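Position chain B against the provided structure of chain A, taking the given hints into account.
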Amino acid sequence: MKTFRYFIIFSALFISRIAFAQQITKAEVQVNGLTCSMCSRATETSLKSLGFIASVTPDLNRNVFVLSFKADQPVDIDEIKDKIQDAGFSIGDLSATMNFKNTAVDAEGIAQVDGNVYQFTNAKSKTLDGPVTAQVIDKDFITSSAFKKKAAELKSPAYLTGKGVVAGKETRIFHLSI
Amino acid sequence: MKYILITAVLLLTTGLYSQAQELYVFTEPASNMAAKSIGIRVTNEGIFNGMSMNRTIPEAMLSFNKNLMTHVQGFFSDMDGKYRLEGGSVYAKYRFLSVDGTQRHLRAAAFGRLSTSKRPVYTEDINLEGDNSGVQGGIVVTQLLHKLALSGTVAYNKAFVSDSRKLIGIPQADQLVSYSLSSGYLVLPVIYKNYNQPNFNVYFEMLGKTNPDNGNTYLDFAPAIQAIINSRTRIDLGYRFQVAGDMPGRYNKNMYLLRAEFNFFNVLK
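If you read the protein sequences in the order shown, they are chains A and B. 189 is the number that our numbering gives to position 128 of the first sequence; each next residue is one higher, with no gaps. 1244 is the number that our numbering gives to position 161 of the second sequence; each next residue is one higher, with no gaps.
Just so you know, these hints were derived from the structure itself, not from any lab. Computed from a predicted model, the values in this text were never measured in an experiment. Wrong hints could be hidden among the right ones.
What the hints assert, rightly or not - Output of the computed footprint for chain B on chain A, the stretches with three or more beta carbons under 8 Å from beta carbons of chain B:
no., segment
1, 110-122
2, 149-160
3, 169-176
4, 222-228
Note that the Cβ used here is the ideal one computed from N, Cα and C, for glycine as well.
Isolated chain A, as found in the complex (with noise of 0.2 Å):
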């Protein structure tokens, strides 16, 4: 039932997407870990090696990093993660401000833009229009102890490995929360 339902969900969205215009706009990413700021030009080094990143501006006393991203091409927010595990580090925090376009979150909080599922855990049935910004709190996005908290209050296995089935197909699913 929850397959035919995601099938029916992705079918409509995937019908009426229109031509690809970038959806997340900024994201601020708190690293942890970083001590100095020779591993904050490593760490910033290695995000702009990233194709769709556009600039990087780190506030250094606060070990954020500001991306902003180019408009045309789509974000891949695990190589986020990826580069900023590569440089010695780890993801405290991560909102994103995404822009919404009549974005339908349907009852069990899922929404799909541009391919991409997002699983609100604070928001359901209801449309989300303009720009929100979103923390993804997915394993290695928010601190593992944060992480061991909120799977234990979510109980969902696909929180736990941010896959699900999605119209038959095992998708990566972003765990949100506004």
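Quick look at chain B alone, frame taken from chain A:
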């Protein structure tokens, strides 16, 4: 023991008021370089052992991924007369534990080293950075707890002593256990403005070795200062001296270290 207690108190109090740093001068932290980066180092050791001697260590560091990195070193010195290439060393470090949290992280890594040196063996103190051929394996754990960073290392050192390099009457160890406790903190800047601001760090390390065969042990203190320029170039100046115990014929019980390091981030494909 008294020294250790005083040092521990010093480390704790300074750590509470300053930001911890872990780019140690005389040891390696459990943290690795950023993946796909290259670092080049030139280290000069000035050794005072009755007479003044110099050793130069050019070194290249490569990080293959976030967990595995390697150092390749060459050793040049005038310790046996003419300044010459005396050996080389390959070091690899694998980070197997990384727990990051806000204001705290814990990293642990395993490391190994393979060294060669054509120097005759004059001392019981196995030094795989120039004086001895041999292998080393160990564990390093680095903990950042709020603003205090501490790093501890334990390693086993095995020297390959060929008969041709043995000198009569000189005690030769073929194995040693080495250990260290390190701490460092950021002095400047108090507030970061940009990457071009120089950083100044102060370090204090305790370095020890024990020969399990006869119990001979020594403990060195090694204070150091460090400047980081443009968040890429690192200059270290340290001094190492013996405070307790001894081993016959030690070279590095009274030495200074001067090092320049240049980093090239994310250059490997």
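Outcome of the hint check:
no., hint, verdict
1, 110-122, "holds (count 4)"
2, 149-160, "holds (count 4)"
3, 169-176, "violated (count 0)"
4, 222-228, "violated (count 0)"
Checked against the numbered hints listed earlier, the structure breaks hints 3 and 4; every other hint is satisfied.
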